[in-house]
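Trainee: So the chains spell out like this:
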Amino acid sequence: MALLEVKDLHARVEEKEILRGLNLTINPGEVHAIMGPNGSGKSTLSYVLAGKDDYEVTGGSATLDGEDLLELEPDERAAKGLFLAFQYPIEIPGVASMTFLRTAVNSVRKKRGEEELSTPDFLRLVRERAKELNIKDDMLKRPVNVGFSGGEKKRNEILQMALLEPKMCVLDETDSGLDIDALKIVADGVNRLRAKNRGFLVITHYQRLLDHIVPDVVHVMARGKIVRTGGPELAHELEAKGYAGYENAA
Amino acid sequence: MNAEVKMMRTAAETQYSDALAALPGAEPVRALREKALRLFAEKGLPHRRVEEWKYTDLRVLLREMAPLAGKPDAAALTEAKKIDLLGNIGAREITFVNGAFVAELSNLKGLEKGLTISTLGDALKGDATLPQFLAGLNPGKYDAVYALNTAALNEGVVIDVAPGAQITKPIHIRHIVTGTSLVSVFGRVVVKVGKKAQATIIQSHAGPDAVAYQTNTVLQLSVADDAELDIVRVQAEGDKAIHLSMMVGAIGTDSRFKSFALSTGAAVSRHTVPFAYAGRNARALISGATLLRGKQHADMTLEVDHALPGGESRELFKTVLDDESRGVFQGLIVVRPDAQKTDGRMMSAALLLGDEAEMDNKPELEIFADDVQCAHGATTGALDDDLLFYLRARGIPKKEAESLLIQSFFGEAIEHIENEKIRDAMMKRAGHWLAARG
Ligand SMILES: Nc1ncnc2c1ncn2[C@@H]1O[C@H](COP(=O)(O)OP(=O)(O)OP(=O)(O)O)[C@@H](O)[C@H]1O
Ligand SMILES: [Mg+2]
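Protein chains in written order, with our numbering: chain P, 1 to 250; chain U, 1 to 438.
Just to be clear, a hint being listed does not mean it is correct.
[Stated by the list, open to error] Listed next, the in silico EDC-like pairs over lysine to aspartate or glutamate satisfying Cα-Cα at most 20 Å (straight line):
#1 K110/P - E400/U
#2 K141/P - E420/U
#3 K110/P - E402/U
#4 K141/P - D424/U
#5 K141/P - E415/U
#6 K399/U - E73/P
#7 K398/U - E91/P
#8 K167/P - D68/P
#9 K111/P - E400/U
#10 K52/P - E400/U
#11 K341/U - D225/U
#12 K398/U - E73/P
#13 K398/U - D53/P
#14 K399/U - E116/P
#15 K82/U - D239/U
#16 K398/U - D54/P
#17 K398/U - D386/U
#18 K111/P - E402/U
#19 K398/U - E71/P
#20 K52/P - D386/U
#21 K52/P - D385/U
#22 K196/P - E165/P
#23 K399/U - E71/P
#24 K52/P - D384/U
#25 K52/P - E402/U
#26 K399/U - E76/P
Note that these hints are calculated values from the structure, not bench results.
The following block holds chain P by itself, in its conformation from the complex (with noise of 0.2 Å):
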């Protein structure tokens, strides 16, 4: 069975339609890159498969491991492994870092069944993916984001996605403000998740980040749709040749 199955995917913000007709099968242990312009609707396409409020979906249908993902709440849908790590993380004032981590880690083993992590056993385990992450623990003791720079925000992403062991994991240009090393770190991360059970959507401009992750499958999305789909070597047609003749293809 797939584990994430798009079909025919209509959404819309503020009466504007944004997905028009999406299709999208990921099967477990595959990583799937999506490319497109700015505007395409990458981000949103995430949003609802995360289920944010603002997006209205108006037909068709997205399932997670057979379930309809679109019934759920936004934490029932992470309880139930789909990891969004985000285009634009926010920064919580107030909130500490610890507090979050382990307020989530505990909420989804909770509902997955599973019994909460005691706090060495949360610390211990914090401590270990954060330093394979280069995250110091200076960043943990604050507020969650807060103060962070661009590509310490994205790291702290992924450092969510690895505590919280999702089964789909959608990576919103994840890559987007990182320098060279903490690509690699980034790139690393994900690398060390992949499984055979997992699956990934990589939202991506950049060749650059599919040299570290290689997907098994590559997607054009413009205006809203999947238009093209082929293997690693679209990523470096695309590079090479832009989005020219895409704009209109849907």
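Knowing the structure of chain P, use the given hints to seat chain U with the ligands on it.
Mentor: Chain U with the ligands alone, transformed into the frame defined by chain P:
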């Protein structure tokens, strides 16, 4: 003929005048009582056309005065013993039950050197200047709550910290109401901190739910030059209570003052803070968190008066309003002509959780000096949807995500409390409020 239309006396006004006039009292209390009653007879309870009471019309809200509470009996003391608002914070406790000082629930043993704690009655015997002090810091000004409190002068406590004394153990004054009958309870607390002295005072209010009792408490402070005083107030009255209170204070040259008020109780509450800079270069932080639900009404009114140069004031108030609750913040910073180099910043932020909740947020500046730095701000808003979504996308259920954000909102005011045990106790009490959200 008198051109001014005299308002009809309300039932409550007549009841107050009669009940308080009947209180016993030798001089000097009798003179204070009579003077306050004369003022009250003339001016009465405030109503919405009195600017400072615009949002809290006592003529309407206080239809009847509940009878004065009698001395607490054994049952009352048993009930009072069960009340533990703050847990073990290592404080010295002074307890009033239904307005009466209860020695057996108070700890006046082994007072630190320089610390004197006396009942109001005893203090009056020893201090000839006290009556003048009790009459008010600013006698020209009328406030009905103050006038009634003075007219009712009977029970109270005077805490005196001698010059240079450093009292590190917090002093916790507890005002507890018990029982199921409607009562009126009054109390006066005086805190005097001498030169270069330091103290921490907690004042808490608790009482039974579902009983429409009425409390009126005045905390009167004077902080001498170079002294430091921390005040923490916890208003956790029963859910039908009417709670009227004041914190009246004046601080001296180079003194430091900090106060925090956590309010979660009462059906109707009004806390008035007339606060004066009586010396130069004094610094004060006046802060609070008010958490409301149901049909609660809470009014916080401050008047911070900078009369002398170099004062620094910070006011930070957070109000969380669930359901159909109503919050009021009126904050005025006055900078008089001599108060050059005053640095004043006032902020009141309200978080509306309930669709029917309402906040009246009115910070004001009145500046008569030219070389000052003053600013004020007021915000009223709902929880941020993007923040909520971020938390929920990480698997945190809606209620819990909301709790995290609400906590961060009021936490900003609580975190200024320096004493860690007291700060934790405040977070815990506020946490109880959150946990009870339906
Ligand atoms: N909340 C919103 N209100 C109005 N328009 C919106 C909203 N969110 C997205 N849009 C519009 O939907 C379209 C798709 O936006 P989206 O963010 O999904 O694009 P994208 O493919 O992620 O672009 P980029 O590559 O720049 O990140 C854009 O035209 C955008 O302006
Ligand atoms: Mg985008």
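Trainee: Now tell me, hint by hint, if it's right for this structure.
Mentor: So, going through the hints one by one against the coordinates:
Between the alpha carbons of K110/P and E400/U the distance comes to roughly 13 Å, so the proposed pair stays at or under 20 Å and holds. Simply put, K141/P and E420/U have alpha-carbon atoms about 18 Å apart, close enough for the 20 Å limit, and the pair holds. Our distance criterion of 20 Å between C-alpha atoms is met by K110/P and E402/U, whose separation comes to about 18 Å. Using a Cα cut-off of 20 Å, the hinted pair K141/P and D424/U holds, with the two alpha carbons roughly 18 Å apart.
As the CA atoms of K141/P and E415/U are separated by approximately 16 Å, the hinted pair is consistent with the 20 Å bound. This hinted pair checks out: K399/U and E73/P have alpha carbons roughly 12 Å apart, not beyond 20 Å. For a cut-off of 20 Å, the pair hint linking K398/U to E91/P stands: about 18 Å separates their Cα positions. Straight-line distance between C-alpha atoms of K167/P and D68/P comes to about 15 Å, which keeps the hinted pair within the 20 Å bound.
Annotation: proposed proximity of K111/P to E400/U holds, straight-line Cα distance about 14 Å (limit 20 Å). Taken as a hint, the K52/P and E400/U pair is honoured in the structure, with Cα atoms around 17 Å apart against an allowance of 20 Å. Among the hinted pairs, K341/U with D225/U is consistent with the structure: their alpha-carbon atoms are about 19 Å apart, no more than 20 Å. For the hint linking K398/U to E73/P, the alpha-carbon distance of about 9 Å falls within 20 Å, and the restraint holds.
With a CA separation close to 13 Å, the supplied pair K398/U and D53/P stays within the 20 Å bound. Distance check on the hinted pair: K399/U and E116/P sit about 19 Å apart at the alpha-carbon level, within 20 Å; holds. Simply put, K82/U and D239/U have alpha-carbon atoms about 18 Å apart, close enough for the 20 Å limit, and the pair holds. Distance restraint check for K398/U and D54/P: the Cα-Cα separation of roughly 16 Å lies within the 20 Å cut-off, and the hinted pair is therefore satisfied.
Under the criterion of a C-alpha separation no larger than 20 Å, the hint pairing K398/U with D386/U is consistent with the structure, at around 13 Å. For a cut-off of 20 Å, the pair hint linking K111/P to E402/U stands: about 18 Å separates their Cα positions. For the hint linking K398/U to E71/P, the alpha-carbon distance of about 16 Å falls within 20 Å, and the restraint holds. Distance check on the hinted pair: K52/P and D386/U sit about 9 Å apart at the alpha-carbon level, within 20 Å; holds.
Distance hint between K52/P and D385/U is fulfilled; the C-alpha atoms sit about 9 Å from each other, no more than 20 Å. Annotation: proposed proximity of K196/P to E165/P holds, straight-line Cα distance about 13 Å (limit 20 Å). Using a Cα cut-off of 20 Å, the hinted pair K399/U and E71/P holds, with the two alpha carbons roughly 19 Å apart. Of the pairs offered as hints, the one joining K52/P and D384/U holds, with about 13 Å between alpha carbons and a cut-off of 20 Å not exceeded.
This hinted pair checks out: K52/P and E402/U have alpha carbons roughly 16 Å apart, not beyond 20 Å. With a C-alpha separation of about 13 Å, the suggested pair K399/U and E76/P falls inside the 20 Å cut-off, and the hint holds.
Figure legend: structure checked against the earlier numbered hints; every hint is met.
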